[in-house]
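Could you slot chain B onto chain A? The hints should help.
As given, the protein sequences belong to chains A and B, one line each in that order. Okay, so the first sequence: first residue is 1 according to this note's numbering, each after it adds one. Okay, so the second sequence: first residue is 1 according to this note's numbering, each after it adds one.
No wet-lab data here; the hints were simulated from the structure. Just to be clear, a hint being listed does not mean it is correct.
To be verified - Computed cross-link-like contacts, DSBU-like style, restricted to lysine-lysine with a CA-CA straight-line distance of at most 30 Å:
| hint | chain 1 | residue 1 | chain 2 | residue 2 |
| --- | --- | --- | --- | --- |
| 1 | B | K128 | B | K81 |
| 2 | A | K81 | B | K23 |
| 3 | A | K161 | A | K81 |
| 4 | A | K16 | B | K16 |
| 5 | B | K161 | B | K121 |
| 6 | B | K23 | A | K110 |
| 7 | A | K23 | B | K23 |
| 8 | A | K53 | A | K129 |
| 9 | B | K53 | A | K53 |
| 10 | A | K16 | B | K53 |
| 11 | A | K81 | A | K121 |
| 12 | B | K23 | A | K53 |
| 13 | B | K81 | A | K23 |
| 14 | B | K161 | A | K53 |
| 15 | A | K23 | B | K53 |
| 16 | A | K23 | B | K110 |
| 17 | B | K23 | A | K16 |
| 18 | A | K129 | A | K161 |
| 19 | B | K16 | A | K23 |
Computed from a predicted structure; not experimentally measured.
Number of protein chains: 2
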Amino acid sequence: MNLPGPLERLINLWGKFPGVGEKTARRMVFFMLSQDPGWARAMASAIVDAVDKVRACEECGAITTDDVCVICSDNSRDRRKICVVETQEDCVAMEQSGVYSGLYHVLGGKCSPLDDEEIPKESLDLLKKRIYRLPANEVILALDPRIEGDLTAFTVQEALKGMGVRISRLSYGLPVGGSIGYADRATLHVALEARREMEEEED
Amino acid sequence: MNLPGPLERLINLWGKFPGVGEKTARRMVFFMLSQDPGWARAMASAIVDAVDKVRACEECGAITTDDVCVICSDNSRDRRKICVVETQEDCVAMEQSGVYSGLYHVLGGKCSPLDDEEIPKESLDLLKKRIYRLPANEVILALDPRIEGDLTAFTVQEALKGMGVRISRLSYGLPVGGSIGYADRATLHVALEARREMEEEED
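If we strip away everything but chain A, and leave its shape as in the complex, we get:
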């Protein structure tokens, strides 16, 4: 069936999302058309609004609508710590966990030789300058627990050599709520390697 042009175009554009095939795109578009058109219109204008207004913080690269993001301009945060993440989305995930109160630095790229991808050099320069300026005494690498994250962590570590900051990385191990039976071999391996001694209970 030849779908009407406007529909076909929308479904094609929709299919560009990762993990969204033609069928899912069709489902979503048909769902949208079956709802109150006000919702679809609101979405269209919200998309344009987001594209127009959202940008990267000049200090850390996180999402913001101003020059400097709410985190960088919040003086109650611990300005001695910088948490390095790969993407703006990772920064949001860390923030929503509510366990971290320092600053961030968004790399905006990772080391991935297979995809011919590298950390943008300007991003590393910006990080170094900021560590010096604040000054920060700890850099926490919150990078994906996989090979590319390892390479990225190593590259950042190399770049910061001699700056006199402590560099740490989020621990590998079993995800909370998971089960041993479902854990993959590599995770079990690192969880075993990084096992922690339990303190004896006091009587």
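Coordinates of chain B only, in the frame set by chain A:
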């Protein structure tokens, strides 16, 4: 983290899609912002375009940008058969299978007592008038293979009583490419009930 307003609004709107939680909505929105802004803008305008231009065919209720859809205005199709589907999307699925060459009727609703939903009366009236006018001699019910589809099929059958058309329904059974081991009990039951005698091979 308080996301910037424009982003928060877009993520909220996005989360209205069925099966899309807040995390998926966030992923999709961040992905969109990481791409060429031209794509996002094209999507926004395609949404408005689709909402403005796509509507229901006056004859059968399928999607169209004109008064009458391409199927209804195609004289090479078999105008004695009407395939009744629940939604416009189901009509697209049937068409894309390429196995049907008759006309359609989109009910635009189903019998679902639990959700207090019924087939719109006007839709049944339209169907009856069309059967009479064409005239059609067969109505094929392509309704979901579940209780609500059964009720809907029964209701359409009742409505068409005495009109002298053959009414059939797509067969129940094992999906092609599936496996007996994974088939659920109800499907095995209907597949057994509806088993077909195999012809003896000729020597």
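Q.
Given the hinted pair K23/B and K16/A, is their Cα-Cα distance within 30 Å?
A. Roughly 18 Å separates the two Cα atoms, so the pair holds.
Q: Compare the distance between the alpha carbons of K53/A and K129/A with 30 Å, and conclude whether the hinted pair is satisfied.
A: 27 Å, holds
Q) Are K16/A and K53/B close enough, with their CA atoms no more than 30 Å apart? A) 23 Å, holds
Q. Taking 30 Å as the top limit, are the C-alpha atoms of K129/A and K161/A close enough?
A. Cα-Cα ~13 Å, so holds.
Q) Are K23/A and K23/B close enough, with their CA atoms no more than 30 Å apart? A) 21 Å, holds
Q: Below or equal to 30 Å on CA atoms is what counts here, so check K23/B against K110/A.
A: 22 Å, holds
Q: Measure nothing beyond the straight line between the CA atoms of K81/A and K23/B; if it is 30 Å or shorter, mark the hint as holding.
A: 27 Å, holds
Q. Going straight from one Cα to the other, do K16/A and K16/B come out at no more than 30 Å?
A. Cα-Cα ~19 Å, so holds.
Q. Within 30 Å, alpha carbon to alpha carbon, are K128/B and K81/B?
A. Cα-Cα ~13 Å, so holds.
**Q.** Restraint status (C-alpha distance of K16/B to K23/A at most 30 Å)
**A.** 18 Å, holds
Q. Given the hint that K23/A pairs with K53/B, does the C-alpha gap stay at or below 30 Å?
A. 22 Å, holds
**Q.** Satisfaction of hint between K53/A and K53/B, Cα-Cα up to 30 Å
**A.** 29 Å, holds
In terms of the numbered hints stated before, the structure departs from hint 14 and from no other.
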